[in-house]
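Student: Each position in the sequence shown, counted from 1, maps to that position plus 52 in this note's numbering.
It should be emphasised that the hints constitute simulated quantities derived from the structure, not laboratory data. Hints may be right or wrong, so weigh each one.
[To be verified] Taking CB as the label site, the calculated pair distances span:
1. Asp61 / Tyr106: 33 to 41 Å
2. Arg113 / Gly79: 12 to 20 Å
3. Val66 / Ala96: 16 to 24 Å
4. Glu55 / Arg86: 39 to 47 Å
5. Ser83 / Ala58: 34 to 42 Å
All C-beta atoms, glycine included, are put in the ideal place defined by N, C-alpha and C.
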Amino acid sequence: MDEPNAIADEAARVDDVRARIVVAAAGLIDSGGRDAATTRAVAAAAAVQAPTIYRLFGDKRGLLDA
53 MDEPNAIADE AARVDDVRAR IVVAAAGLID SGGRDAATTR AVAAAAAVQA
103 PTIYRLFGDK RGLLDA
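Please put together the full structure from these sequences, using the hints given.
Tutor: Below, the structure written as structure tokens:
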């Protein structure tokens, strides 16, 4: 695979995962407030593992700031 294409594909995948997580967090906050947006709940709603949230956002505050 061409290196620039592989990098672009990975960046697009990460952007997609990040967007799914933000949308999931927003939905949980809309339906149950900030307390409903636990890392585990957001991960489940976004169909990712909790460590993915930490890798992309650092912590819950980073996610909520996004």
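Student: Hint by hint, where does the structure go against what was stated? Just the numbers, ascending.
Tutor: 1
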